[in-house]
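Trainee: What follows is the residue order along each chain.
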Amino acid sequence: MPDRDPSFKAVFRRHDVQIAVIVAVMVVLFSAISPSFLSASNGVSLLETYSVMAIMASGLLVVLISGGIDISFAAIAAVSQYLTATILVRSGGNWFVAFGLAAGFGALLGIVNALLIYYLRALAVIVTISTMTFYFAILMFVTEGKSIYNLPDWFTADLSLFGTPFPVVVAGIVLLLTVFFLSRLSIGRQIYGLGGNPEAAKRVGCNLLGLQCFVYGYSGFTAGIAGLVQAHRVEEVVPNALIGRELDVLAAVVLGGASLLGGIGTVSGTILGIVLLAILQNGLTLMGVSSYSFGFVTGLIILISVSATAYAAKRQQRRHVRHAN
Amino acid sequence: MASPCEGGRDADGAIMNPKSNHPEPPGQQIAPAFIEMRGISKRFGGVRALSDVSFSIQAAEIHCLAGENGCGKSTLIKILSGVYAPDEGQIVLEGKPHSHLTPAASQRFGVQIIYQDLSLFPNLSVAENIAFGHQVQTPLRFADYKAMRKQAQAVMERLKISLPLGALVGTLPIARRQLVAICRALAGEQARLVVMDEPTASLTHQEVDALLATIHELKRQGIATVFVSHRLDEVMTIAERVTVLRDGRNLGTYWVRDIDRRRLGELITGHVFENALKPPFTGKEHPVLEVRGLSCEGQYDGVNLQLRPGEIVGLIGRLGSGRTEFALSLFGMNPPDRGEIRVNGKPVHLRSNREAIRQKIAYVSEDRLSLGLVMPQTIADNTVISVLDRLRGPIGLIDGTLRAQTIERWIFQELRVKTNTADRPVQQLSGGNQQRVVLAKWLATDPRVLILDSPTVGVDIGAKAGIFQIVDALAARGLAILLISDEVEEVLYQSHRILVMRSGRIVGTYDPQHVSEQELRETIYA
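These protein sequence lines are chains A and B, in that order. The first sequence: position 136 = 136 (my numbering), numbered continuously. The second sequence: position 461 = 1461 (my numbering), numbered continuously.
Hint data in this document are derived by calculation from the structure and do not stem from the laboratory. Remember, it's a predicted structure, so these values are computed and weren't measured experimentally. There could be a bad hint or two in this list.
[What the hints assert, rightly or not] Okay, the calculated bits of chain B under chain A, using three or more residues with CB under 8 angstroms as the criterion: (1) 1128–1136; (2) 1141–1155.
[Claimed, not checked] Derived DEER-like restraints, expressed as beta-carbon distance ranges: (3) G1045/B to G205/A: 50 to 56 angstroms; (4) H1271/B to L303/A: 55 to 61 angstroms; (5) S307/A to I1174/B: 25 to 31 angstroms; (6) K1150/B to G210/A: 26 to 32 angstroms; (7) M26/A to S1352/B: 39 to 45 angstroms; (8) V142/A to Q1428/B: 44 to 50 angstroms; (9) A1404/B to V125/A: 33 to 39 angstroms; (10) K1150/B to N240/A: 50 to 56 angstroms; (11) P1164/B to G205/A: 34 to 40 angstroms; (12) N207/A to V1047/B: 28 to 34 angstroms; (13) G205/A to H1271/B: 38 to 44 angstroms; (14) V125/A to K1418/B: 35 to 41 angstroms.
[Claimed, not checked] Using 30 angstroms as the maximum straight-line C-alpha spacing, the simulated BS3-like pairs for lysine-lysine come out as follows: (15) K1160/B to K1146/B; (16) K1096/B to K1278/B; (17) K1096/B to K1150/B; (18) K1219/B to K1096/B; (19) K1219/B to K202/A; (20) K1418/B to K202/A; (21) K1078/B to K1418/B; (22) K1160/B to K1150/B; (23) K202/A to K1278/B; (24) K202/A to K1078/B; (25) K1096/B to K1146/B.
Glycine included, each C-beta is placed from N, C-alpha and C at the ideal position.
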C-alpha cells in the first residue's frame, strides 16, 4: 500500500470509505424493500452484468490518474471486438489467440491516441472525442453495420472457474493487474506523479511520451478485452452495442473518487463506484421503477459526489489560509 | 575555444578582493572556485540576456544572485543547470572547462535546482516525493516504500529537520513543502550546490529563519547554496556574498558584510534612493473617512482613524495583527460588530464591497494574483472590469470609445504601464506592471479613499519606487490613502502619520519626523 496517514479520522475522510458506507446503507435499504435483492443469484448476475464495465473502468482510471481523459475506449472496444471476431470466424483459434488479438488491437488504437495527444499537444478530451468518432465511423462504414452471429462454439460456450462466471474472473484479473502496477511498480507511481504535477514529472526526468503511450495503450488494452468479454456474454458482435457506455463508465470512475484533474484515484474506489451504480440501478429495477429514471438518479448521485469532493477541497484550502495567518 | 576573458575580470570596478580592506577571519579565504562561469553571453533572437558575465561559486558558500526582473538571473541559472547553452564563454567545473553543460552533466556534477514552484507532487506522500528520483530510473521495478522512507529519513536526519513522511505534500504549508524540495534535492546524486529560485517569496519571518537554519546546515556539510531573491533584507541576513546583475551584466560580487542595504539597492536598480521623510501634513479639509471604536470579535478592537484628503496614513503590523481584517471592513467585505464609519461626515453601513465602491472607497488587495487581477485576461479588460456600468452606451451595450478613453487615460497616461498594447494578458507583465494595472483598475472607479494593502509584495525595488511616485501624485491630487504594510522602512518614508497595530489594537500613533525605524520595529514586534 502506498504511504498513507493511518489515523482513524483520516480514514473517514477518505473518499472510498465514505462510498463504502453509502453502499452498505443502500444494501440494507434495498433488501428491506425487496427481499430478492439480497439473493445469491441476483448478486452473481449483477457481478456478471457489470464486469465489462469494470474492465473498461480500470483502463479509464489509469488515464484519469495520469491527468488525461479517454472518451474513445468504447469505440476502441467495438473496433477490436469486430476485428477479432472476424479473424476468429475466418481462421479459427482459441482463447489465447482471441485475447491476444483483442488486447493487441485495443492497445494499438490507444497508442495512436497517445501519439496524437503528445505530438499535437492537443487536449486529450478533444483528441479522443475525434478518434472515437473516427474509429466508430470507419467501423460502421466498412461493416455497413452488419452484426456477426456465427461465432465459434468454443467462444460462446459458458465457462466458469470455481463457480465464478468467466466475465467476472477476467474483470477480477484486470482489476488486480491494475492495482499491481499502480501501487507496486515504479511506473504506477510515475503515473500518479504525472497527474499530480506534469511539469515536475518532466523536470525529474520522467519519460512523458512513454508514460502517455502506456496509459492510453492500457486504456485501449482493457477496452479490447472488455469488447471480447462482452461478445462472449451476448454471443454476438453488434458494431454499435458498446457505443454510449462511455459516460456510464466515466461516471463510475469519478464516483469512485478519481479526480478529473489527475493524480487522484484508486482501484478500490473505482470498484465501489461501479458497485454503487450497479446496486442503485438494480435496486430501482427490483422496486419496479421505470428504467428511464436511471439516468436521473445516476446524474443526481454524481452531482452530489462531485459537490462533496469540491466542498472538501474548499474546506481544506480554508484550513490552509488560516494556517498561513 | 579561446575565451577573450582574462582571469579575475572585475566589472565596473567592483570590490572583488575584500582582503585588501578587511582582515579575513580564518577559514574564509577565497578558495579556488569549484564552479566558475567565465565571460558568459547569451542572446535570444535580438535580445541580449547576458553579456560577458563571469560568476564563480566557492565550495560551501552561501551566494545570492540579486537583480531586478529580466536582469538575466534565470538565464544564468539555466545555463548552469544545462537547460541553455551559452553563445560565448565557458563553464569551469573544478578546473575543467566546458563550452556548455547538459542537464544530466550538471546533475552529475552535483548541481540541484529548486524552482520557485518547487515542482513537488501534491498527491504523493512526503517520503515518495523525496525519493522520487529512484522511480524514474527503472519504471518496471517494484516501488519499495520501505526503502523510500529510509532514504527520506536519512536525508531529514542529515538536515536536522523532521517532516511527517506519510502526509500528502499537498496538505503541508508552503514552508514545509520548501523543506521537502530541499530534501529531494539532497536525496539524489551527491549534491554539492543547491540553487533556490526566490525561496523566501511566500514565507513569513519565522519561516525564513527556519530556512536559514537549513541553509547553514547545508554549508556545514560542504554544500554551496545559490539563491535568487528580491528581498534585500533577506539577502543581507542569509547570504555571505552577493552578485548583482543588471541588464545582463555583472556589476560585481561583494561580501555582504562590506556593503549595506541601501548600497545594494542602488547597485540593483542603478538609482540612488534618498530616503526623505515626508513634510508634515498641512491639509485642513474635513476628514473624508472617519472610524470610531471599530471592533470585530476576534480580529481587531476599538480602532480609531481619521483620513483627510491628500493625507497618507501608514498602518503597520505583522501578518495576523488584524490589519487586513480591518481594511476589509472599510471595504465592506468584513462587516464589523461595533463602532462607526463615517464618509464625509455621514455615518455609513458598509455591508458589501459594492456599497464601499459607491462610497468611493477603493481597496487594492495584498494578493493581487488571486484577488486583484484576472490573469489570463487582457490589461484592457482588467482595467474596465470595475467600471463596466459606467461605460454603458444608450442601449446598454459597452461604449467602445468610452472604454478606449478609460484605458488610454489610466494605463498609458496616468500609470504608464510598460506595454505596447493593452490587449496583452496581464500574466505576461512583471510584478510591478501588474500592480500598476490593479491601481489603474481602482483609480478608474474615481475613488476618494484608496486602501493599499502591501502594495509592493513581490515587486522589485526599482518598480517599488515607481509605485510610490504614483501614490504621492495621487495624494497630491486629494486622494486620502491608507497604506498597509509590514515593511517598516516603506511606511516610515511614505506616510504622513503612522499607526502601529498589534494583536488587533492600535498600540501607537507616530509622526515620522519623531520616530526611528528601530522604535517602530520594537513596537510592532514587542
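Trainee: Within 50 to 56 angstroms: is that where the Cβ-Cβ distance between G1045/B and G205/A falls?
Mentor: Violated - the Cβ-Cβ distance for G1045/B and G205/A, about 29 angstroms, lies outside 50 to 56 angstroms.
Trainee: Between K1150/B and G210/A, does the beta-carbon spacing fit 26 to 32 angstroms?
Mentor: 28 angstroms, holds
Trainee: Tell me if the beta carbons of V125/A and K1418/B are separated by a distance inside 35 to 41 angstroms.
Mentor: Holds, since V125/A and K1418/B (Cβ atoms, about 38 angstroms apart) stay within the stated range.
Trainee: Can you tell me whether the CB distance of P1164/B to G205/A sits inside 34 to 40 angstroms?
Mentor: 26 angstroms, violated
Trainee: With respect to the beta-carbon atoms only, verify the hint that K1150/B and N240/A lie 50 to 56 angstroms apart.
Mentor: 54 angstroms, holds
Trainee: Would you say the C-beta atoms of S307/A and I1174/B sit inside 25 to 31 angstroms of each other?
Mentor: With Cβ atoms ~28 angstroms apart, the hint holds.
Trainee: Between K1096/B and K1146/B, does the CA-CA distance stay at or below 30 angstroms?
Mentor: 39 angstroms, violated
Trainee: CA of K202/A to CA of K1278/B, is that 30 angstroms or under?
Mentor: 51 angstroms, violated
Trainee: Okay, the stretch 1128–1136 of chain B and chain A, do three or more residues pass the C-beta test at under 8 angstroms?
Mentor: holds (count 6)
Trainee: Do the alpha carbons of K1078/B and K1418/B lie within 30 angstroms of each other, as the hint requires?
Mentor: The hint holds at about 26 angstroms.
Trainee: Tell me if the straight-line CA distance from K1096/B to K1150/B falls inside 30 angstroms.
Mentor: Not satisfied, since the Cα-Cα distance of roughly 35 angstroms exceeds 30 angstroms.
Trainee: Regarding A1404/B and V125/A, is the given constraint of 33 to 39 angstroms on their beta-carbon distance met?
Mentor: Since the Cβ atoms of A1404/B and V125/A sit about 37 angstroms apart, the hinted range of 33 to 39 angstroms holds.
Comparing the model with each earlier hint shows violations of hints 3, 11, 16, 17, 20, 23 and 25; every other hint is respected.
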